Amino acid sequence: SVNPDLASERQTASFSVEKLTAWLDGGAEHTRLRRAVVEAIERDPVFSIENQYFQSQNERYEAAVRKAVHLQKKMQEMGWTDDGPELKYIYRALSGDLAFLLHRIFIRSISVLGSDKQIAKWIPLATQYQLIGSYAQTELGHVFDIATQEFVLNTPNISAMKWWPGDMGRSATHTVVFAQLYINGKCYGVHPFIVQIRSLQDHSLCPGITAGDIGPKMNFEHTDNGYLMLQNVRVPRENMLSKFCEVQPDGTYVRRGSQKINYFTMTTVRISLISDEVVIPLMKACTIAIRYSVVRRQSKLKPGEQEAKILDYQTQQEKLLPQLAAAYAFYFISDYLQELFNRGYREIQRKNFDMLPELHAFSSGFKAMVTQHSTSAVEICLRACGGHGYSLLSGLPSLYTKIVASCLYEGENTILLLQTARFLIKCFMAASTGQPVPPSVTYLAAVTPEKCPAKNKLDFLSPDIYTEAYQHMAARLISSTAAKLQDLIQSGVKKHDAWNQCTVQLAQAAKAHCHYITVKNFAETVEKLETQPGIQKIMKHLCDLFALHGIFSNAGVFLHDGYVSGAQMDMVTASYLDLLAVIRKDAVPLVDAFDFTDKTLNSALGSYDGQVYQRLYEWAQKSPTNKQMSPAYERYLKPLLHKTLSKL
Amino acid sequence: EPTTMMNADLRRERAAATFQPELLTHILDGGAERTRRRKEIEALVINDPDFQHEDLNFLSRSQRYEQAIRKSSLMVMKLREYGITDPDEIYWFKSFVHRGRPEPLDLHLGMFLPTLLTQATPEQQDRFFMPAWNLEIIGTYAQTEMGHGTHLRGLETTATYDPATQEFILNSPTVTSIKWWPGGLGKTSNHAIVLAQLYTQGQCKGLHAFIVPIRQLGTHEPLPGITVGDIGPKFGYDEMDNGYLKMDNFRIPRENMLMKYAQVEPDGTYVKPLSDKLTYGTMVFIRSLIVGDSARSLSRACTIAIRYSAVRHQSELKPGEPEPQILDYQTQQYKLFPLLATAYAFHFVGAYIKDTYHRISGDIHEGDLSELPELHALTAGLKAFTSWTANAGIEECRMACGGHGYSRCSGIPDIYVTFTPSCTYEGENTVMMLQTARFLVKSYTQVSSGQQVTGMVSYLNDLSRQRIQPQHVAARSVAVRINDPVSLVEAYKSRAARLVEAAAKNLQAELNHRKSKEDAWNRTSVDLVRASEAHCHYVIVKLFTAKLAEITNAAVRAVLTELCLLYALYGISKNTGDFLQAGILTDAQITQVNQRVKELLAIIRPNAVALVDSFDFHDVHLGSVLGRYDGNVYENMFEWAKKSPLNKTEVHESFHKHLKPMQSKL
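Protein chains in written order, with the working numbering: chain A, 6 to 653; chain B, 3 to 668.
I should point out that these hints are in silico values taken from the structure, not numbers from a laboratory.
Don't take each hint at face value.
To be verified - In silico EDC-like pairs for lysine to aspartate or glutamate, Cα to Cα no more than 20 Å straight-line:
1) B:Lys650 to A:Asp207
2) A:Lys627 to B:Glu223
3) A:Lys590 to A:Glu323
Please read all numbers here as calculations on a predicted model, not as lab measurements.
Bound conformation, chain A alone (with noise of 0.2 Å):
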């Protein structure tokens, strides 16, 4: 039976779970594909995860390479093909918790930068696992040998080590790495080839390698993260992935082609990584925090009364309503960039890569602005748990030290940021003498009025007044670092040190360029959904909440030329403050919405009944540290007690 506190919470929601829930998925026919292939994965015993707050490393890596060959059965006999609809759902309802992963980057890479003779040699053994392959950025030396037609690979000294790759440290036995090549004593940049790791027969190491596991990690137990060192390691001459450049039996170099496309490839891995490695955990921390919120009680708000649900405190809706906000609006972003993305796909396949520079920028700004958000959004729920959120049960723990690698994989998130701004730099300096620019940055060009027109606290309630304040704000922000750029390098400082000296700045205005596209892509996205009157109110409810708290927190940058004034500033908050209140009323439908089976979440505090404290215990007796006696009581605690350890 449902717990009475949140069974109240859902008889007074304002607009139906289900049709939001439809939308978000795309579609009511989406919703069923996703519900059945959920199910499926959750029916069958071999993916559960029910154990896994109670499992070692070793344990760990081993379910993940149990469910991953698992998984290929079950595509097989389900009829789920690798490029079918289902993927992203068997994804979701695994939690990204399996091996290969990296097998499949490997595959894909192979796809893109093999030629049609590579691509036909060895997408089907790694389809077929007749192989198993990781993927590694490098910064090995390669040389190619004329006399064998062979590259020979070193690992130069100890840092230069491979570290990380996924897949590497036990599993793979093929990889894909980037290296630079040297023929002939001239260097010909990074290019990708496929090097043997180990042996098909017995997996165990081939000649000249080294590699393993790289230790313990704060998550990712699953994981074997490894790493490779190579001496000596000759390659064939065809292992060289050549769809853009080859290596001549004489040496000869040929290019063909762009080699632009190997940026497509990571903007590719950014953009889909925002949606399942971002934004899914941050809605599974919401919809545990939240019901968790609306069953814990504690003080009384009303002498005589019960104890209150924390979720009535104001303190607690302010820590945990943005996030919710912010879990819609970075939905919607994602979808936003993935509409970009296949425009610019379909311009590319035209052989129209005019469209790259804006997508590379976009990719890494937003991937740098959306993780570490949500990265602090997720540690907000955590921490809006009290002690509970501390313990592995409550699933938070698990989301959190996953979510905040992504701040880091993918492309550190400073240097991101920074390659943002130089497009926006670039971009400013082109608006502002008339060039054209890409539609998404001509308002770094736009005249906007000098000072924010709002009257009183509603007005902060309208789209228009908000999303131009963000880009008053964004375009300040970029306008005067370009001008700060400007006078250090017309003073005579050089170029790069300009660049250092103001990459704080540059920083933050990448930021707020992100932030006013996310505002504004959410306010079109409520705008766009005239036809459902009852989720377009809520959705506009936390549309002006997210910008308002952005504003709220953000205040310095909005006062700072007086485009909003101290009066105005009391009115966002008020403003702000007044919509916690409203948005309180539908939290838990609205983290309804998202759909998240129990055994998704697999947290003691957010399941969909409320049983918390049921469930904590139970799960709490699981414990392996409950089952068997510990052999510290016979070792030390009873020798202790019984004084026998020595006098004391």
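Go by the hints and put chain B onto chain A.
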């Protein structure tokens, strides 16, 4: 010769420092003599083969618990053998043995024994204290329940007095009333001090403490009527057996209620305690420890991140030149140096609270409690402020180490998971901030009604004066000198005053609209928390600035002044909205502040490594491959990884179990 083994980058960094790190270490320790003694105790532990063990990162939770128990029992023996009795020295010894981690006897030593001393009658001390001292009794302190934490009145466990047998009957009437979290309860303890609602003669007399035996002496099996166990895996605290306890009609003799203050007579008559303000003192003390712990944990993380950033090289700053140290990037400095300044600030704040507590607790024994409410209110807020900041700061340090920070070998994940619960325990931080706010609003109300207030809140006295001469508000902004810490203290003071006033006014406005006081308070609580934060921030800047005047060595004072300025200016640049909106600083001044912050980063850069060396963490205590004193990061990381459990065999058993069969089938 260790210096020849030292990484060249770190050697260069150390040679370039403008001050002697030992002198700063002495300041942090509270004198050269205390540094000497600390190192002496450190050597006792670190050179003792009994305290050596495998890297904890490779052990399972059960193995870690076992190691901790082993070391704890040795620790108790050796402390007595060495005759170490001073609380600070015991603390040092313990943190070297356990390397800054919790251990299963923490609650026994830190709560069970002290509670016996302060709340047990002489008869009870005779019965329990010596056995507990000799560890025949190991106890814990069971207060928190599954459904109830910070709000103590909500606890549900009952102790009902039965005059017929002169016993208390203890019950956990609901699932939510099960005791949950107490350290050492799961596996280690055979007794617990249990907090329960006392019922006698049909009436509830509120929370009282009872000594409850929970496990059979001899077999260590739970007693009939007792259900006890471990609460399962957590984010951290692997070596701690946090436990649960459920009691079903479990009877204990009347004499097991701690009766130094309140009493239940044999016939069930309840005798009220005399007012007991000492518990206030205990809370102040424990929270002051958390402030110190915030400083230490953040210092450890900064040490690791800054040393690693001096060793790590990446990309290029100037075309064609070798990869620079990542510490040379402005963005990296901007991540780390404000945190370094914060760590120093919190050290001085922690020392201040500890000293003030000792001074006042001297007074308490002479009956002067007048300063206690303010100190109590202040430590609540500072506990929250420092633990929140350190919590986020540790993570920033870890992220600043890139991918390697994510590996357990960096040591930072452990610092983080060990530290983060302090945002929750000993008073949830938001609740703590609101306690401070209550005191601030009360002081504001006093000022509004014409009274003067004293101590750290005395700036509120100025508010009434400003109201008479509003032109001062505008004049004030020009007066702030951004290179003068004393002037910045004034700026922070103005910000605190403004936010306290705004919160108090909003609260009044809500009260005018609504009936319930609680409702009005709740609807103002976001403002109230902001006011508390601003107050705490002001106190920290003030204490850091005050500390500068005490430093006699010119070189050390210079570098601490730079850190103090960075701390204050960075705080402004992160909260520009408050300073702009209140008219304390102008747009132009904010631009100057932002610029000055970046200049200070470059000024502090040459001393960064020396500044973390001054924290003087031994490598064993630091537990980090990235933060090693000698900077030999990569070769040691490789050695560390080879010991990973996944590397025990060259071919993992999963290959034979899963991979091989699949390959043959497909």
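Now for the hints, and whether the structure bears them out:
1. Taking the CA atoms of Lys650 of chain B and Asp207 of chain A, the gap is about 17 Å. The hint holds against a cut of 20 Å.
2. A distance of roughly 19 Å separates the Cα atoms of Lys627 of chain A and Glu223 of chain B; the hinted pair therefore holds under the 20 Å criterion.
3. Pair hint Lys590 of chain A plus Glu323 of chain A holds up; C-alpha atoms about 14 Å apart against a cutoff of 20 Å.
Comparing the model with each numbered hint stated earlier shows that all of them hold.
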